[in-house]
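*Asks:* In order, the protein sequences belong to chains C and Y. In terms of the numbering used here, the first sequence opens at residue 1 and continues consecutively. In terms of the numbering used here, the second sequence opens at residue 1001 and continues consecutively.
Derived from the structure by calculation, the hints contain no laboratory data. Careful: at least some of the hints might be erroneous.
DSS-like mimics (lysine-lysine), calculated; alpha carbons at most 25 Å apart, straight line [as the list claims (entries may be wrong)]:
no.	chain 1	residue 1	chain 2	residue 2
1	C	11	C	21
2	Y	1397	C	21
3	Y	1204	C	18
4	C	118	C	137
5	Y	1189	Y	1146
6	Y	1189	Y	1092
7	Y	1249	Y	1092
8	Y	1224	Y	1101
9	Y	1397	C	75
For each label pair, taking beta carbons as the anchor points, the in silico distance ranges come out as [as the list claims (entries may be wrong)]:
no.	chain 1	residue 1	chain 2	residue 2	range
10	C	19	Y	1018	42 to 48 Å
11	C	149	Y	1371	57 to 63 Å
12	C	243	Y	1305	39 to 45 Å
13	Y	1303	C	74	30 to 36 Å
14	C	16	Y	1011	55 to 61 Å
All residues carry an ideal CB built from backbone N, CA and C; glycine is no exception.
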Amino acid sequence: MDNLPLIELSKVNKIYGKLVKSQILFDITMTVPSGQFLVLIGPSGSGKSTLLNIIGALDRPTTGEVFIQGKNLGKFSDEELARFRNQFIGFIFQFHYLLPEFNALENVLVSYWIHSLKPSKEILERAMYLLEQVGLKDSVRKRINLLSGGQQQRVAIARALLNSPQLILADEPTGALDTKTGEQVLELLAQIRQESKMTMIMVTHNREVALRADRIIELIDGKLCKEVYPKTVGLHETIKILESHSCNLEDAESSLS
Amino acid sequence: MFRFALRMAWRFLITSRSQMLLVILGITVGVSIQIFLSSLISGLQADLIQQTVGDAPHIIIAPEDRTPSSFLLSQGNLVVPLLASPVKEESKILSWQPIQKQLLQRQDIRVSSPLVEGSGIVQKEDLKKNVILKGVFLNYADLIYKLKERTREGITQIGGNNILVGKELASDLRLNPGDTISIVMPSGKQGRFIVSGIFDLENKATNSSWIFMDLPTAQTLLDKEGAISIIEIQIDQVFQSENIAQKLKQEFTQYNIETWQTRNQQLLSALRSQSLSSYMIQFFVLLAVTLGIASVLVVSVTQKIREIGILKAIGTTNTGVSLIFLMQGAILGVFGSSLGVLSGFLLIRLFQQVAQASGGAISFSIDVNLFSLLLILTISIIASILAAISPARQATKLVPIEVIRNG
Ligand SMILES: Nc1ncnc2c1ncn2[C@@H]1O[C@H](COP(=O)(O)OP(=O)(O)OP(=O)(O)O)[C@@H](O)[C@H]1O
Ligand SMILES: [Mg+2]
Chain C
1 MDNLPLIELS KVNKIYGKLV KSQILFDITM TVPSGQFLVL IGPSGSGKST
51 LLNIIGALDR PTTGEVFIQG KNLGKFSDEE LARFRNQFIG FIFQFHYLLP
101 EFNALENVLV SYWIHSLKPS KEILERAMYL LEQVGLKDSV RKRINLLSGG
151 QQQRVAIARA LLNSPQLILA DEPTGALDTK TGEQVLELLA QIRQESKMTM
201 IMVTHNREVA LRADRIIELI DGKLCKEVYP KTVGLHETIK ILESHSCNLE
251 DAESSLS
Chain Y
1001 MFRFALRMAW RFLITSRSQM LLVILGITVG VSIQIFLSSL ISGLQADLIQ
1051 QTVGDAPHII IAPEDRTPSS FLLSQGNLVV PLLASPVKEE SKILSWQPIQ
1101 KQLLQRQDIR VSSPLVEGSG IVQKEDLKKN VILKGVFLNY ADLIYKLKER
1151 TREGITQIGG NNILVGKELA SDLRLNPGDT ISIVMPSGKQ GRFIVSGIFD
1201 LENKATNSSW IFMDLPTAQT LLDKEGAISI IEIQIDQVFQ SENIAQKLKQ
1251 EFTQYNIETW QTRNQQLLSA LRSQSLSSYM IQFFVLLAVT LGIASVLVVS
1301 VTQKIREIGI LKAIGTTNTG VSLIFLMQGA ILGVFGSSLG VLSGFLLIRL
1351 FQQVAQASGG AISFSIDVNL FSLLLILTIS IIASILAAIS PARQATKLVP
1401 IEVIRNG
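In isolation and in its complexed conformation, chain Y is listed as follows:
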């Protein structure tokens, strides 16, 4: 019966070729818009997330009751004591080496980097600036912050008295590689350092306040011999962070484990509402296409009354007759959606070329996600079949003797 219905459906469609082509065109346009839109949105979101957390830790391990300053990109809360409130005794991680060792062995973690941090004041001649000191091991920290890649002047070196300063800080204090500066701590401690390189982390607040130095040097300067402030972690899939954090919580029970999400609620909810509006648009596009298919098939039932009557008279069951129309929906859906996928691809290619030609004005790239592509394809084919339900019903109701009597 399927074979019969398919054959009839096909013939019915190709005898009204222009109708069929118009419907297919409609589906094609709808599906390509859906594919383009969903790729655009997911590209945009991936780019936003990358910009937000691409070069920031995804998870941090901190001692209890400590607000990690690393996430606070603008001035950093450790500057706060200088402004008003009383200085709090900072908590620290004393036996961090075994933790770091364990973390390095884990498969689900790309990099873990111990960090000693604190605030200080940089002085060069009569210029002063509040800064955040970041004591790191360069080989680990580089995997998170890509310091080597992002050193704009000088060399990426932090051994001994060498430090790296941000682009804005350098211009504020008129620093050049090789210059010497002194850093004064709130405790009164101070040291002299050589600027070996100037980095650009593409964030103004960071560039104007962060200073990277060797971890042991920072420990001495901040009176934290043998201890660190936090461990910063990056993982491969940013959205796996909550899962992995959960596992880390079970392993390191006496520490606070935080993910990037807890600090980026606003971004996440913005992304969510963006996705929602994209789904809404896609839904209405789908609805319009489906209604288009339905209306054409409804008209075709009236056009084919005679044929349906004959087929029923010579023994086609109601199931068979409705199958003919469902098949027509399916054929239209398969052709239209496949063409839609193709032209969606072309649209995306076109966009990529425009983005390239724009010379960086369009900073993000869009890529086709196979899963959402298959999802759109499946949904639109199913919708095309659903669109045929009402015409199929109509065909079922047709009484063959009425057709025969009226010629």
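Pulled out of the complex, with its shape left as it was, chain C reads as follows:
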């Protein structure tokens, strides 16, 4: 069981449209081991978000299968998928999707409320601890609209972490933030990753961030094109591969030609 990958995709295809079909993902087959920090890069429209949403059980592949911890998500009902998302995955989106009706603390607790009867004292303490960790100790009771963009994104991070998920999915988490606050948020995520050994998949356009990953995968036109392990091959080699114009993954190359 130990060498079972956390995530396994097998020939995942995604086709949108009924009359005019457009295929967004082509036969994606890949695995992600537990604890890995994987960065997905690629040009706009290459299908990164689509792939991430499929991994995150927010969307279903048109064909192909997704296994998480050996469980076939295709066999889950919509209700089971929802419950699975809540327990297993923490989402961080580009735009901090928070609930404007609630304050910071309540927004963090929402993840817990969804499936639990009574909020326990421990969970309240954990929410407070997480907010403190993301540097919002003093804004716990503030309405969401009164927080800055960076602060809101940090509330979203705390919310994603509340249920101690095994997998964090972040889609351009700093996309809507200025460079400085973006950097702070990334640092926070790095710190959390180190402390918790969570698996994280992040979509980013930021080369700097990508270079800190355990593994980089580049997606082009819905196909896996390049794969690099920066920590194994070193920075120079990584940059060289990323800047080259040919793919280093076989099936992508064969279908590109």
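Place chain Y with the ligands on chain C using the hints.
*Replies:* Structure of chain Y with the ligands alone, referenced to chain C:
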């Protein structure tokens, strides 16, 4: 999940406060109208029934093949022989004492009063009038006709040669308490009587033709020694009459048992159609309120697309999301209906005061019936929840990735 849905529903509602207050106001108005209307109608009907049968027998026990004249308030069919058709031999109840004894022991009967009746002609000087003679025991008859309460002049006394006459009869014959009159029977028999009191039974026909006298006196005058014509019965709940009549039929098989309903079909069907139109109005009020709730919640689904999308993305099930909207319906329903009950009460109080101030122009009172109140409350809360079904469905159909993609 209920707790979660309730919390979300509440927050969603209070963030769009003015919408919520308007919907609640709508429900309040609707429910108070329903309560007022249903109380008004039932008060009106209770009053009509009371006026019709309040001081008339509810059930009568009569010998077979006899039309009870007591129910025919206008001139009375016993006058008919005088006008045209041949005189029929009247049937009578001979051994009435054991029946009366049995009736007095029954719990479901408030009063039973033996009655000897027949028609005659009253003469005072040269004035003549056809009358209906009612021979009764005053202590029983009073419980039905409330003669003591309704004696306007003189005293309520019928022993010996004393009789009570109606208000109209008294004025027609210019009678005063203490006057002497003679009554002539179709058989030729006649007697002289003293008017001891003048009653007002609030019915013109009755007041102008009825004469109450002591039962033994009437027996002699009508040649019915030892027998009576019918037994009149009043019960506590007028609508129990058919039930009780059924039981009496089993006990007294050789007699005819009739209820007030058989003689008041027209009134009953009028009441029924009145109730029906009141239900119709209530139904359409309810429908309008329900549609109002539904439309506001449908709009709120579009307003809250973002929130619903987030909640779904982070793991709220479709059941959970629809529950949020059903709860909103329930919250609106509970608040609106409760306020509606309160303001319905106030409306009724207001009406009662207006009725009082009118000095009898509004003769009936309206009261709140707890059962129909609870019924209206329950129905309107259920309707509010039903109103949330379509918005809940809409929320279920919302796809979270659409929301996330479009920001
Ligand atoms: N529901 C949909 N119907 C049709 N096409 C869609 C739908 N959702 C996404 N697409 C298309 O799929 C393609 C990939 O979209 P996706 O959001 O995955 O790209 P991305 O790599 O995340 O791009 P970006 O870097 O701009 O976020 C785009 O061309 C997009 O227009
Ligand atoms: Mg994207």
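*Asks:* Take the hints in turn and mark each one as holding or not.
*Replies:* Now the hints, each set against the structure:
Proximity of residue 11/C to residue 21/C is assessed by CA-CA distance (about 18 Å); at most 25 Å being required, the pair is judged to hold. The straight-line distance between the Cα atoms of residue 1397/Y and residue 21/C is roughly 22 Å, inside the 25 Å bound, and the hint therefore holds. In summary, the hint linking residue 1204/Y to residue 18/C is not supported, as the alpha carbons are separated by about 84 Å, beyond the 25 Å threshold. For the given pair, residue 118/C sits about 24 Å from residue 137/C by alpha-carbon distance, which is consistent with the 25 Å threshold.
Taking the CA atoms of residue 1189/Y and residue 1146/Y, the gap is near 30 Å; set against the 25 Å cutoff, the hint is violated. Our distance criterion of 25 Å between C-alpha atoms is met by residue 1189/Y and residue 1092/Y, whose separation comes to about 19 Å. For the given pair, residue 1249/Y sits about 17 Å from residue 1092/Y by alpha-carbon distance, which is consistent with the 25 Å threshold. A hinted pair counts as satisfied when its Cα atoms are at most 25 Å apart, and residue 1224/Y with residue 1101/Y qualifies at roughly 20 Å.
A C-alpha spacing of about 20 Å is found between residue 1397/Y and residue 75/C, which places the hinted pair at or below 25 Å, so the restraint holds. Under the hint 42 to 48 Å, the C-beta atoms of residue 19/C and residue 1018/Y, about 43 Å apart, fit the expected range. At about 58 Å, the CB distance of residue 149/C to residue 1371/Y agrees with the hint of 57 to 63 Å. At about 41 Å, the beta-carbon gap between residue 243/C and residue 1305/Y stays in the expected band of 39 to 45 Å.
Roughly 34 Å separates the CB atoms of residue 1303/Y and residue 74/C, a value that falls within the hinted 30 to 36 Å. Here the CB-CB span from residue 16/C to residue 1011/Y is close to 34 Å, at odds with the stated 55 to 61 Å.
Of the numbered hints stated above, those contradicted by the structure are hints 3, 5, 14, listed in ascending order.
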